[in-house]
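Chemist: Put the two chains together into one complex; each comes in its own frame, and the hints tell you how they fit.
For reference, the chains in residue letters:
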Amino acid sequence: TQLLEQSPQFLSIQEGENLTVYCNSSSVFSSLQWYRQEPGEGPVLLVTVVTGGEVKKLKRLTFQFGDARKDSSLHITAAQPGDTGLYLCADVYSSASKIIFGSGTRLSIRP
Amino acid sequence: SQTIHQWPATLVQPVGSPLSLECTVEGTSNPNLYWYRQAAGRGLQLLFYSIGIDQISSEVPQNLSASRPQDRQFILSSKKLLLSDSGFYLCAWSVDVRPYTFGSGTRLTVV
Numbered sequence: 001t002q003l004l005e006q007s008p009q010f011l012s013i014q015e016g017e018n019l020t021v022y023c024n025s026s027s028v029f030s031s032l033q034w035y036r037q038e039p040g041e042g043p044v045l046l047v048t049v050v051t052g053g054e055v056k057k058l059k060r061l062t063f064q065f066g067d068a069r070k071d072s073s074l075h076i077t078a079a080q081p082g083d084t085g086l087y088l089c090a091d092v093y094s095s096a097s098k099i100i101f102g103s104g105t106r107l108s109i110r111p
Numbered sequence: 001s002q003t004i005h006q007w008p009a010t011l012v013q014p015v016g017s018p019l020s021l022e023c024t025v026e027g028t029s030n031p032n033l034y035w036y037r038q039a040a041g042r043g044l045q046l047l048f049y050s051i052g053i054d055q056i057s058s059e060v061p062q063n064l065s066a067s068r069p070q071d072r073q074f075i076l077s078s079k080k081l082l083l084s085d086s087g088f089y090l091c092a093w094s095v096d097v098r099p100y101t102f103g104s105g106t107r108l109t110v111v
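Chains as they are written, first to last, in the numbering used here: chain R, 1 to 111; chain X, 1 to 111.
With the rest of the complex left out, here is chain X (with noise of 0.2 Å):
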C-alpha cells in the first residue's frame, strides 16, 4: 500500500534561518508530488509541484524553493525564513487521476 511520510511535525525556527522539510511517498513510482501552505483555519494554497524528478513548477513567487532529487522525495526549502513563512505546509502525492494523499503536515512557526 502507498504511504506519505513528512517530517518534522512541528518546527519553531528564528528569522533568517535556513529551512529543509521534506516529504517521501511509498508504495508507487513516478508520482505528481505537491507542496501546499495553510494559514490559520483557512483554504490550502498551493506553492510547488512536480510530475518528475527535478521538474518543479512554482504557483506562487516568494521565499521558499522546491527540490525533487529522486522520485519519491519532495524538499521544500528556504534560505532565510520570514515570519510571514509560518504557517502549516502540506505534501501530497497523486498518480494518474487518483485522488490526492495528503501527509500528516508540518506545523512551522517562524520567531
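In isolation and in its complexed conformation, chain R is listed as follows (with noise of 0.2 Å):
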C-alpha cells in the first residue's frame, strides 16, 4: 500500500515569507496533483505534474517534482493571508480510476 506523508504537517508564518512543503511517496508517483482545501469545503486542484523534474509556476507557487518521481515540493513567494488553508499531495491511480491523498500540510499565514 502506498504511503504518501507530507511535511511538516503544520506550519504559520508571517506575511511577505517564503516557505516549502514537501511530499514523499513510498512508491513512485503514477501522477502527482497538489490540492488546496480551505475550512469546510472540498479540495480544489491546483497542478497536476507528471514527468521527473517538472517544474510548474502558478503565480506565486512553484511546483516541482523529483527527478525519480517519489517526491514533490511546493514554494510559495512571499506568501499572503489568502494562502492559508490545508495542502494536499496525490497520487492519480489512472488504471484504477482513483487518487490517494497525503496527510496534508495545514498552513496559516499571519498578517
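Simulated from the structure, these hints should not be mistaken for lab results.
Cβ atoms here follow ideal geometry from the backbone N, Cα and C, with glycine treated the same way.
Honestly, I wouldn't trust all of these hints.
[Claimed, not checked] Computed footprint of chain R on chain X, listed as stretches where at least three residues anywhere in the stretch have a Cβ under 8 Å from a Cβ of chain R:
hint, region
1, 11-18
2, 35-45
[What the hints assert, rightly or not] Here are some of the chain X residues that sit facing chain R, going by a computed Cβ distance under 7 Å:
hint, residue
3, N32
4, Y49
5, I51
6, L90
7, P99
[To be verified] Far from chain R, by Cβ distances over 12 Å, these chain X residues were calculated:
hint, residue
8, Q6
9, G27
10, D54
11, Q62
12, S65
13, D71
14, R72
15, Q73
16, S77
17, S78
18, K79
19, L83
20, V110
Modeler: Structure representation (C-alpha cells):
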C-alpha cells in the first residue's frame, strides 16, 4: 500500500515570508497532483505533474517533481493570508480510476 | 456545466443510529464517483469508488457501505453508527482523465 507523507504537518509564518512544503511517497507516483482545501470545503486542484524533474509555476506557487518521481515540493514566495489552508498532495491511479491523498500540511499565514 | 450536490451539510447522529448521505452529479454521464472521509485537519481517506451503476469498490473495511442505484447518484450508508465514524465526508466525481471535482462535504458528528 502506497504511503504519502507530507511535511511539515503544520506551518505558521508571517505574511511576506517564503515557505516550502514537501510530499514523499513510498513508491513511484503515477501522476502527482497538489490540492488546496479551505475549512468546510472540498479540495481544489492546483496542479498536475507527470514527468520527473518537471517544474510548474502558478503565480507565486512553484511545484517541483523529483527526478525519481517519488517526491515533490511546493514553494510559495511572499506568502499572503489568502494562501492559508490545507495543502494536499495526491497520486492519481488512472488505471484504477482513483486518487490517494497525502496527510496534508496545514498552512497559516499571519498578517 | 457539471455540478455536484452533496447533502446534508452537517449532521449530528447518536451512536447506533443509521446513516444515509447522498451525492448527485449533474451535467455528465457515466462519471466515476468517490466517497472520501477526512479527519479534522488531515488528509483524505478513500472509502469507496464506483465506475458504474452497482459497481462499488471498497478501499477500507469498516462500518460503512456505498450504493449507486443510478448513474449519477452515490449513497453512503451505515446501519449503526460508531463514534469513530465522525468526520468530514466528501463526494467527488471524475470522467476519463479529467481532474476530480469535489462536493462541499458533510460534517458528521456521532454523539
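Chemist: The structure should be examined with respect to each hint, and the outcome stated for every one.
Modeler: Do the hints match the structure? See the list:
1. 11-18: Result for this restraint: violated, n = 0.
2. 35-45: It holds, with 6 qualifying residues against the three required.
3. N32: 5 Å, holds
4. Y49: 5 Å, holds
5. I51: With a closest approach of 6 Å, the I51(X) hint holds.
6. L90: It holds, given that the least Cβ distance between L90(X) and chain R is near 5 Å, below 7 Å.
7. P99: With Cβ-Cβ at 5 Å, under 7 Å, it holds.
8. Q6: Q6(X) is in fact no farther than 12 Å from some Cβ atom of chain R, at 8 Å.
9. G27: At roughly 17 Å from the nearest Cβ of chain R, G27(X) sits farther out than 12 Å, so the non-interface label holds.
10. D54: The claim holds: D54(X) sits with its nearest Cβ about 16 Å from chain R, beyond 12 Å.
11. Q62: Q62(X) clear of chain R: closest Cβ-Cβ about 16 Å, beyond 12 Å.
12. S65: Label holds. Min Cβ-Cβ 18 Å, cutoff 12 Å.
13. D71: Holds: least Cβ distance 15 Å, greater than 12 Å.
14. R72: The claim holds: R72(X) sits with its nearest Cβ about 16 Å from chain R, beyond 12 Å.
15. Q73: Given that every Cβ of chain R is farther than 12 Å from that of Q73(X), nearest at about 18 Å, it holds.
16. S77: Nearest chain R Cβ is 20 Å from S77(X), so the label holds.
17. S78: Since the minimum Cβ distance to chain R is about 21 Å, S78(X) lies beyond 12 Å and the statement holds.
18. K79: 25 Å, holds
19. L83: 21 Å, holds
20. V110: 18 Å, holds
Hints 1, 8 from the earlier list are contradicted by this structure; the remaining hints agree with it.
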